[in-house]
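Novice: Chain by chain, the residues run as shown.
There are 2 protein chains.
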Amino acid sequence: MTDTTERARAAAGRTLDDTELRRADLYFRAANYLSVGQIYLLENPLLREPLQPEHIKPRLLGHWGTTPGLNFVYTHLSRQVKQRGTDMMWIVGPGHGGPSAVATSWLDGTYTDTYPEITQDAAGMRKLFRQFSFPGGVPSHVAPETPGSIHEGGELGYSLSHAHGAAFDNPDLVVATVVGDGEAETGPLAGSWTAHRFTDPRRDGTVLPILHLNGYKIAGPTVLARIPESDLVSMLEGFGYRPYIVAGDDVAEMHQTMAATLDRVLDEIAEIKQDARRGGHRPGVRWPMIVLRSPKGWTGPAEVDGQPVENTWRSHQVPLAAVRTDPDHRRELERWLRSYRPEELFDETGAPVPESTGIVPEGERRISANPNANGGLLLKDLVMPDFRDYAVAVPSPGTTRSEATRVLGGFLRDIMHHNPRTFRIVGPDETSSNRLDAVFEETGRAWGMDILPADQDLAPDGRVMEALSEHLCQGWLEGYLLTGRHGLFNSYEAFIHIIDSMFNQHAKWLKVTRHLPWRRPIASLNYLLSSHVWRQDHNGFSHQDPGFIDHVLNKKPELIRIYLPPDANTLLSTADHCLRSRDYVNVVIAGKQPALNYMPMDDAIAHCTRGLGIWEWASTDAGVEPDVVLACAGDIPTVETLAAAEMLREHLPDLRVRVVNVVDLMRLQPAEEHPHGLPHSAYEAVFTADKPVIFAFHGYPWLIHRLTYRRNGHANLHVRGYKEEGTTTTPFDMVMLNDLDRFHLVMDVIERVPGLGVSAAHLRQRMDNERLRCRAHTREYGEDAPDIRDWVWSP
Amino acid sequence: MTDTTERARAAAGRTLDDTELRRADLYFRAANYLSVGQIYLLENPLLREPLQPEHIKPRLLGHWGTTPGLNFVYTHLSRQVKQRGTDMMWIVGPGHGGPSAVATSWLDGTYTDTYPEITQDAAGMRKLFRQFSFPGGVPSHVAPETPGSIHEGGELGYSLSHAHGAAFDNPDLVVATVVGDGEAETGPLAGSWTAHRFTDPRRDGTVLPILHLNGYKIAGPTVLARIPESDLVSMLEGFGYRPYIVAGDDVAEMHQTMAATLDRVLDEIAEIKQDARRGGHRPGVRWPMIVLRSPKGWTGPAEVDGQPVENTWRSHQVPLAAVRTDPDHRRELERWLRSYRPEELFDETGAPVPESTGIVPEGERRISANPNANGGLLLKDLVMPDFRDYAVAVPSPGTTRSEATRVLGGFLRDIMHHNPRTFRIVGPDETSSNRLDAVFEETGRAWGMDILPADQDLAPDGRVMEALSEHLCQGWLEGYLLTGRHGLFNSYEAFIHIIDSMFNQHAKWLKVTRHLPWRRPIASLNYLLSSHVWRQDHNGFSHQDPGFIDHVLNKKPELIRIYLPPDANTLLSTADHCLRSRDYVNVVIAGKQPALNYMPMDDAIAHCTRGLGIWEWASTDAGVEPDVVLACAGDIPTVETLAAAEMLREHLPDLRVRVVNVVDLMRLQPAEEHPHGLPHSAYEAVFTADKPVIFAFHGYPWLIHRLTYRRNGHANLHVRGYKEEGTTTTPFDMVMLNDLDRFHLVMDVIERVPGLGVSAAHLRQRMDNERLRCRAHTREYGEDAPDIRDWVWSP
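Order-wise, the sequence lines are chains Y and B. My numbering puts the first sequence at residues 1 to 795. My numbering puts the second sequence at residues 1 to 795.
Calculated from the structure, these hints are not laboratory results. Here the structure is a predicted model, which means the values were calculated and not measured. Just to be clear, a hint being listed does not mean it is correct.
What the hints assert, rightly or not - Across the chosen pairs, the derived CB separations fall in these ranges:
hint, chain 1, residue 1, chain 2, residue 2, range
1, Y, Pro453, B, Arg22, 30 to 38 Å
2, Y, Ala302, B, His417, 56 to 64 Å
3, B, Glu49, Y, Ser396, 44 to 52 Å
Stated by the list, open to error - In silico negatives: residues of chain Y with every beta carbon more than 12 Å from chain B:
hint, residue
4, Leu47
5, Gln83
6, Pro354
7, Pro395
8, Arg401
9, Pro557
10, Pro600
11, Asp733
12, Ala761
Unchecked claim - With a straight-line Cα cutoff of 27 Å, these simulated BS3-like cross-link-like pairs (lysine-lysine) come out:
hint, chain 1, residue 1, chain 2, residue 2
13, B, Lys556, B, Lys380
14, B, Lys723, Y, Lys556
15, Y, Lys556, Y, Lys511
16, Y, Lys127, Y, Lys511
17, B, Lys511, Y, Lys723
18, B, Lys380, Y, Lys723
19, Y, Lys556, Y, Lys380
20, B, Lys511, Y, Lys511
By construction, the Cβ of each residue, glycine as well, lies at the ideal position given by its N, Cα and C atoms.
Given the sequences, and given the hints that come with them, work out the whole structure.
Specialist: See below:
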């Protein structure tokens with residue numbers, strides 16, 4: 001163990017004078033009282049009468065274990081803020097810290113500011129207690145409903161990444177982040193200890209991790225609490241931190257130790273910030289952090305029914321289970337509640353006496369009222385250059401080529417330029433691979449470590465966040481958005497599934513906050529998925545998965561938008577729209593390879609505004625009802641569809657073919673299912689009610705059926721898409737493997753349009769032969785097969 | 001830095017004599033030659049002629065950067081195995097290590113043993129080169145097609161967890177695991193450094209991590225290669241390892257250092273194992289590990305076009321890009337290839353000369369031929385007690401209650417008993433919460449750290465693997481299954497999405513291996529999802545997500561099975577079936593709360609065998625065509641459906657209602673879409689072709705539409721399910737929030753069956769009133785509302 005740690009252990013003493021110690025004690029007791037009350041009490045909130053069975057909730061639900069430690073942390077953070085005026089928010093990583101965040105924000109007054117019906121008196125306290133873990137009430141973890149929180153504690157692992165996202169570009173903010181020792185076992189949390197190495201002490205705020213070792217999960221010990229302390233310290237030092245350990249169970253002593261340690265830690269942070277401002281970039285800043293070892297269920301029942309409870313896993317949820325029916329349990333609960341001496345904490349009306357909240361600051365400085373935790377309050381529109389200025393020239397459809405994401409890169413570069421403090425791009429080391437390189441003309445990849453001469457585009461204050469961890473990227477961006485800023489996540493399509501569950505939680509957060517008037521709208525979470533399923537020429541099957549759309553669509557339609565712009569100009573228009581939107585999750589799927597352009601910018605805007613449309617120039621049904629509709633969504637399916645339409649025009653000139661391109665997938669749903677959904681009449685005007693529709697889709701084909709099963713004419717819809725037939729091969733071979741190729745589309749038309757006659761039957765046979773010939777060529781020569789290399793569509 | 005590390009650095013010397021050094025050098029050179037050949041050469045594999053443009057692949061794809069380091073590791077691991085006879089497999093974490101694993105297994109002869117057409121001669125070498133990153137060929141990462149691998153390198157982060165899974169219950173196995181420094185940035189990898197703390201040196205094999213710091217990812221440096229070495233060592237020591245550092249770029253010196261270090265490390269491992277066998281459980285074993293710092297693209301071009309390449313990110317993929325068109329590049333490639341002196345490595349026929357493979361062992365000892373890497377070869381059937389012996393008594397439907405998962409626990413306990421070396425349960429600290437506690441009568445939770453008196457069910461050799469990391473659990477189980485054993489993952493339903501992407505990769509692995517005859521079938525991956533969406537009474541919205549089914553269904557039907565047993569006996573029958581199956585992913589969703597039993601065991605078996613069936617005892621359509629079908633899948637929807645049927649029987653006695661319960665969701669798909677799919681005639685015999693079907697479903701309602709859209713009568717299907725309306729509330733309130741409650745189902749029937757008349761209209765109104773009354777009661781009294789507490793279905 002190093003001398004750093006020795007210093008940390010020597011931190012106790014008489015830091016708090018009697019007044020301060022009493023304030024800390026009162027606040028801690030009050031928060032604990034309110035926490036236990038939430039878990040147990042239906043009536044008699046102030047214990048003005050002896051506790052009766054009918055005062056107890058019929059079903060006891062909630063989590064005590066982690067709560068007193070959180071109350072303790074909040075007490076001492078508040079003291080610092082009051083003394084220093086620090087701009088501080090906190091993030092509660094431990095899953096079930098709900099009782100603490102609710103109790104402390106009620107004590108501070110923030111809860112009542114937010115929910116005026118939960119008054120700061122006995123009636124309000126009764127409501128506060130009843131709503132907790134009660135039908136229609138608040139959950140037992142920190143949630144969107146909790147003031148002062150940007151972090152849902154239901155799914156574990158994201159506290160540190162959220163904290164860093166909140167700290168980016170907020171140089172004076174301190175984000176105190178309690179990491180639970182259960183949470184610390186998760187992969188995403190373990191992978192985010194490294195996050196501070198991507199920050200800049202001049203540009204960014206400070207994350208203060210407080211690793212809370214209370215020793216136990218639901219049913220057993222935690223790893224970090226049970227390994228030798230020398231290993232723990234060594235690990236945290238290896239992570240680049242200077243850990244200070246605050247350990248014990250004597251409340252008065254712990255108040256002194258915590259106060260002294262936080263004094264020291266916040267002094268160190270101030271010094272580091274000052275040094276950085278004076279001295280410029282210094283790689284390897286060693287930030288302080290705290291390890292808090294306090295007993296699980298601290299100050300709760302030591303034993304119940306002869307079994308140890310405090311400081312064991314048994315205090316994880318409800319330590320006394322039978323208080324309604326067992327008088328001994330009830331007596332013990334009453335003793336426990338009275339041990340906090342509520343009569344000293346609350347006045348006659350039930351409001352906290354001034355002394356019991358004497359340790360907390362006021363107004364927006366209250367940690368639970370920090371405006372960064374309600375980012376919509378701080379949100380400003382992005383300063384956006386005109387996306388039309390980045391348009392590629394399209395003299396006529398299919399005559400020029402662009403790499404769509406590279407074109408987008410120029411637009412993003414200038415957005416970064418105009419919004420130096422409010423826009424970031426995150427992605428797992430793929431910004432260049434996804435061809436957004438232009439952004440590096442404006443800023444670098446964030447990198448707080450050493451930079452060597454051969455490195456490219458690294459900068460200590462860079463605003464492109466690249467770490468080979470989708471979890472970290474997602475957590476960063478969520479934290480950044482939730483504190484009122486804007487951003488974009490670019491990723492390989494297949495691997496975005498890594499954050500499926502994080503997306504779920506963010507979407508759930510948005511669903512709830514949209515219905516909380518005090519939570520102001522935040523910028524949308526924007527995904528740009530490139531390197532998609534159809535272009536994995538050397539990576540093959542493991543890199544082929546277009547299913548994120550399916551996953552996203554399970555969330556509330558009011559939140560979800562999915563776009564498949566077919567070319568560069570439509571991508572620009574889509575991106576502009578998404579970056580201006582609020583409270584959505586936008587998924588944009590676009591190619592990075594050179595591909596045909598179809599639409600001049602004005603047409604692209606009109607097409608994106610409609611969301612889908614008939615491409616007259618590729619159709620042969622002018623002025624009449626078509627015989628067949630060829631629909632497509634996605635860049636590669638669009639090429640195949642256009643090529644199929646071309647072949648049909650050549651070989652079956654009398655067939656009236658309508659080509660429809662879909663950018664906004666949600667247009668396919670009925671209007672009653674999704675805000676973007678087309679009314680049935682509009683849908684039928686495009687797709688017809690009774691003609692065969694051959695739909696070439698970027699993703700899994702059943703998704704289109706899921707969106708359209710209520711449409712008239714659904715029975716005539718035939719969808720081609722990815723059906724999990726992938727390998728290391730060319731894009732041509734990929735579409736053939738999945739029957740999405742032009743030949744197959746032509747064959748599908750011939751099979752489904754009645755009465756086409758003999759020439760069609762011949763064409764069908766010819767298409768089949770052509771398919772086999774092309775596959776054989778591809779397999780023999782790769783992309784060099786002469787008629788495959790040039791084998792794209794041109795009108 | 002500690003003295004451990006100082007010792008590690010002093011490991012060089014003259015460990016290898018001249019013969020051994022030459023063998024190491026030859027093997028390393030040969031593997032490097034074959035790796036470069038794969039990336040570049042279409043013809044002229046042995047460079048018998050000067051290199052011409054037409055010898056070069058038309059499109060250059062592949063990854064050189066990590067490859068030479070892997071070849072170096074394989075060389076030295078092979079030496080150890082040959083000398084010691086160690087049972088050793090390796091796992092290649094770095095994503096794009098494909099060229100190395102292919103090259104080394106070809107040199108060893110394993111590749112030719114596996115794929116006889118890829119002969120060990122010039123013709124075979126030509127094929128080996130051509131197939132790499134070529135249409136229809138092998139990907140540039142380690143893949144199912146690669147002999148000696150259980151690990152797909154396409155998605156990063158799972159090498160260490162796979163390795164530990166492979167090592168469980170294989171006491172003499174050493175799993176050498178190369179962790180890439182890119183991979184090391186991922187959350188799942190970061191979270192699996194702790195895995196060794198759950199192992200038992202007596203019962204389990206040894207994982208030897210080799211952290212390969214070659215410094216760069218695709219476009220920038222890696223974190224672990226760029227932090228101060230003191231931080232790195234401190235971190236690894238904190239993880240409980242004793243790190244030995246092998247660093248350098250001089251090949252001959254590095255051979256000596258690596259040989260000496262591996263000698264020492266494998267000696268230490270042997271000592272630890274011997275000590276453990278003698279001394280019993282000793283918490284805190286400190287395993288050795290290796291940090292290998294070798295340049296990215298080692299032995300490749302130092303500079304290209306004036307830019308540094310070796311030891312920079314520029315060597316990640318193809319260092320010389322223009323060899324077909326640029327004579328300078330081509331000359332440099334030829335120089336590079338000839339620098340390995342192929343004429344010394346291969347004989348006239350193109351086979352490796354004996355000396356160049358002199359360092360590798362023979363037969364099954366070849367690392368690439370280790371049978372553990374083709375687990376199906378070693379797989380034995382589980383010894384299964386008769387699941388009928390665990391049946392609960394069901395005198396008549398709906399008269400007794402059981403906690404289904406608790407009943408299953410007894411069966412699992414005895415499976416653990418009969419299969420002490422081949423069956424494990426994994427789960428994130430939820431085995432007790434999911435009420436499988438009975439297993440702890442047979443074994444403990446695996447725990448290699450200190451055990452305190454208040455701990456329960458911990459054991460150093462326990463076989464229930466609990467870590468609060470779904471990633472670790474999934475990786476462990478995959479590694480265990482892939483090496484020929486059996487297991488079960490139990491998890492909360494909502495959070496299984498955390499491993500969506502890992503599931504994807506495992507399903508893709510299975511899809512490929514099912515079509516590789518040399519890969520023998522392995523035991524299925526079994527998920528038991530409990531604590532499901534409908535029973536999150538205090539956790540609320542964040543814990544409510546039934547979408548894993550939707551995700552799983554995107555994979556190949558031949559692999560995917562989904563079961564929703566409605567009660568305890570059907571769960572037993574389902575579990576028995578799943579645990580006996582091979583090469584599937586089985587998802588079983590079951591309740592843990594006390595719930596009604598419907599079926600005596602014989603009926604349960606018949607019902608599960610059919611997969612779905614008419615419940616005559618709950619229906620009123622005996623012998624005639626029904627007026628309406630009430631279908632259900634899942635425990636809670638089944639209760640609501642039965643209650644609705646009961647109310648219809650009471651209030652509309654003339655209505656002929658058929659109740660259908662679905663256990664095996666795949667029965668709903670057409671037979672041509674899924675092997676379990678019902679033929680249309682059989683489907684219509686149950687669901688009718690034209691009557692209204694009200695389907696109460698456990699998950700998102702559109703899933704049922706997706707499965708049935710090709711069915712006649714689909715237009716008459718109306719599905720109720722979870723539509724993302726969740727909160728902290730009772731199960732009763734939850735079904736009401738999502739319109740899945742009995743009242744709604746009755747109302748749906750009344751709306752959809754024509755001609756029911758006035759009494760039905762009254763009933764509809766009454767149902768609506770009843771709903772509102774019940775919701776109000778629930779919100780006021782919680783579960784204690786008297787008519788809600790007793791409000792379950794009884795016939």
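Novice: Against each hint, give a clear statement of whether it holds in the structure.
Specialist: Cross-check of the supplied hints:
no. : hint                               : result
1   : Y/Pro453 with B/Arg22: 30 to 38 Å  : holds (37 Å)
2   : Y/Ala302 with B/His417: 56 to 64 Å : violated (37 Å)
3   : B/Glu49 with Y/Ser396: 44 to 52 Å  : holds (48 Å)
4   : Leu47                              : holds (21 Å)
5   : Gln83                              : holds (33 Å)
6   : Pro354                             : holds (33 Å)
7   : Pro395                             : holds (29 Å)
8   : Arg401                             : holds (17 Å)
9   : Pro557                             : violated (9 Å)
10  : Pro600                             : holds (32 Å)
11  : Asp733                             : violated (5 Å)
12  : Ala761                             : holds (24 Å)
13  : B/Lys556 with B/Lys380             : holds (26 Å)
14  : B/Lys723 with Y/Lys556             : holds (8 Å)
15  : Y/Lys556 with Y/Lys511             : holds (7 Å)
16  : Y/Lys127 with Y/Lys511             : holds (24 Å)
17  : B/Lys511 with Y/Lys723             : holds (12 Å)
18  : B/Lys380 with Y/Lys723             : violated (33 Å)
19  : Y/Lys556 with Y/Lys380             : holds (26 Å)
20  : B/Lys511 with Y/Lys511             : violated (37 Å)
Taken one by one, the earlier hints fail for this structure at numbers 2, 9, 11, 18 and 20, listed in ascending order.
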